[in-house]
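**Student:** Using the numbering used here, the letters of the sequence shown correspond one by one to residues 2 to 113.
Please keep in mind that the hints were generated in silico from the structure rather than gathered at the bench. Check before you lean on any hint, since a few could be wrong.
Claimed, not checked - Quick list of the computed label-pair ranges, beta carbon to beta carbon:
| no. | residue 1 | residue 2 | range |
| --- | --- | --- | --- |
| 1 | Gly44 | Gly71 | 16 to 22 Å |
| 2 | Gly71 | Lys101 | 33 to 39 Å |
| 3 | Glu43 | Leu77 | 31 to 37 Å |
| 4 | Val112 | Arg73 | 47 to 53 Å |
| 5 | Gly71 | Val112 | 17 to 23 Å |
| 6 | Gly103 | Gly44 | 23 to 29 Å |
| 7 | Ser100 | Gly69 | 30 to 36 Å |
These figures come from a predicted structure and were not determined experimentally. Glycine included, every Cβ here is placed at the ideal spot set by N, Cα and C.
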Amino acid sequence: MPLGENEDLDACSSAEPFALMVLGDSMEPEFVEGEVILIEPEGLATDGSYVLAQLAGEWIFRQLIRQGAGWRLQALNPAYPAADIPDLGAVKGVIIQKSKPGRRRATKRYVE
Numbered sequence: 002m003p004l005g006e007n008e009d010l011d012a013c014s015s016a017e018p019f020a021l022m023v024l025g026d027s028m029e030p031e032f033v034e035g036e037v038i039l040i041e042p043e044g045l046a047t048d049g050s051y052v053l054a055q056l057a058g059e060w061i062f063r064q065l066i067r068q069g070a071g072w073r074l075q076a077l078n079p080a081y082p083a084a085d086i087p088d089l090g091a092v093k094g095v096i097i098q099k100s101k102p103g104r105r106r107a108t109k110r111y112v113e
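Let the sequences and hints guide you as you build the complete structure.
**Tutor:** Structure, rendered in structure tokens:
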């Protein structure tokens, strides 16, 4: 998503968790299109964490891998290239939960 395209991300408090829907197949098979991920902006990014990063003017969802003195943003789908980053400055949040949409109960109960 290009930076100027969605100003709503800048409107969120930097400390509050937020949810996004997975688009595309770059993180399959672990994360499939349509799943909802919860991002903790102040989460601790460590080797192996799934993160939301801002790179070259776009937001990307990747796995963070330690690479020598730097870091690599790695897609789980081998059809997508990895991106090397010198430090964690590009990481904007850590994925802390995922869920499939539409898992609510079909029946509703109302309290009177």
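**Student:** Hint by hint, which ones does this structure get wrong, listed from lowest number up?
**Tutor:** Those not satisfied are hints 3, 5.
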